[in-house]
Amino acid sequence: MTRKNAVDVKKWNAEYQWQPFADPNAVANDKPLIIESGKGSIVYDIDGKEYIDGQGGLWNVNAGHGRKEIIDAITEQLNQLQFYSLFGGTTHSRSIELSKLLVDMTAEEGMKRVFFSTGGSEAVETALKLARQYWKLNGQAQRTKIISLQRAYHGVGYGGLSANGTPAFRRMFEPLMSGFFRVESPYFYRNPFTDDPSELARICAMMLERTIIDQSPDTVAAFIAEPIQGAGGIIVPPAEYWRLVREVCDKYGVLLIADEVVTGFGRTGSLFGSRLWGVKPDMMIFAKGINSGYVPLGATMFNDRIEQAFKDHPDAGFMHGNTYLAHPLACAAAIANLDMVVKEGLAQNAGEVGTYFISRLAELGHRQKHVGEVRGRGLMIGVELVADKPTKTRFADSDYFGHCVARRCRDNGVLIRNVYDTFIISPPLILTKAQVDRMVEVMEEALTYQTGVFAGK
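If you're matching positions, the sequence shown starts at 164 in this note's numbering and goes up one per residue.
These aren't lab readings, by the way, just hints derived from the structure by calculation.
This one's a predicted model, so the numbers in the text were calculated from it and none came from an experiment.
There could be a bad hint or two in this list.
Simulated crosslink set (SDA-like; lysine to any residue; CA at most 20 Å straight-line) [what the hints assert, rightly or not]:
{"no.": "1", "residue 1": "Lys474", "residue 2": "Gln303"}
{"no.": "2", "residue 1": "Lys173", "residue 2": "Ile198"}
{"no.": "3", "residue 1": "Lys202", "residue 2": "Asp235"}
{"no.": "4", "residue 1": "Lys532", "residue 2": "Arg571"}
{"no.": "5", "residue 1": "Lys194", "residue 2": "Asn581"}
{"no.": "6", "residue 1": "Lys414", "residue 2": "Gly302"}
{"no.": "7", "residue 1": "Lys443", "residue 2": "Glu372"}
{"no.": "8", "residue 1": "Lys443", "residue 2": "Ser262"}
Modelling step: build the complete structure from the supplied sequences, incorporating the hints.
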């Protein structure tokens, strides 16, 4: 079947497919931007217009678009073996090689084994199932409850959705799974408790402990959280928070699951979000940056504690998996990608350029009346917009302030995602300081313009 021309593609846009996390009625009137190609941190639309990819695809194109090393690895694998499954007593070399590489890379966190999937949502479901089976194998079948954070995002499977901390994402699919509970997020900018980040860490850890006690510790399987909350608004916890959480989990025997789908492989300036906070979780969940999004892949890793429960147990069969997990092309892409992550120092570049980016945005915030807070680590940055800075008053949904600012940035060649009036900035980890300067320039112009529009209403 021959490829249709741009005129046909534009005509069909929003006619035959639904967009994720979107109102199809709104999309019909405001059709998506058609991205046609990419190179490095730049993408081009169907008309050839150039954009700095401030979204990094969707948090995931860490090594950049069009990397020959990854493309060559995929092509070589395609010519050798395009697919084989891990079911029924078979496997393939790339999945074995990648397993060893991942265990080596996470040795500091104590990971021992990996179970593959095709993305973050499936990797979360794997972790939740592992947690429940772990306790059954240990003779504590009543330990089924999962605790998560408010504003958490753990994918779109029913387990992950049940742990989701944003009501708008859950509401239309309720009732969800039972046995899921949420506790206060360490959201410093909007917390109602204290102006001291260290105290906030203690308060939030205490709330986790009280919830575990309230639910009865012998019924709680695991606590799952993102090292830095992503879709919830780039919520960076106080430095002590994860250490205190680990202590609480250890006190009551609760498994600690780190959802590293976004934070894994360099985005925060550290190779892993758990490593950033100096904590060893019992499970780590990966996707996105594992192979920079070239072919869908997810992975759930677990430590010796969990592995030992399955050893020589008559009920050790893990009845979970799907056809395309550990796809040979995805694994080949991951091996090439992770080689670049290490050799090119992508985590270090994310740390250096991210620090520069945050400082430039902080300067912008001093000049712009609607920038409430700039926060982040590495190239995982949030800019929260507010209607009134002294009171932190949010814009009304009907104002569409953040949406309009993001759209003007897009019109001027910078793609930035807006979620509930917080800019989510997650560019490729190869971003340069010159590109940062251009992004800040475009953002400031857009904020100034929309501030004028808002004032004139």
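Sort out which numbered hints this structure fails and list those numbers smallest first. none
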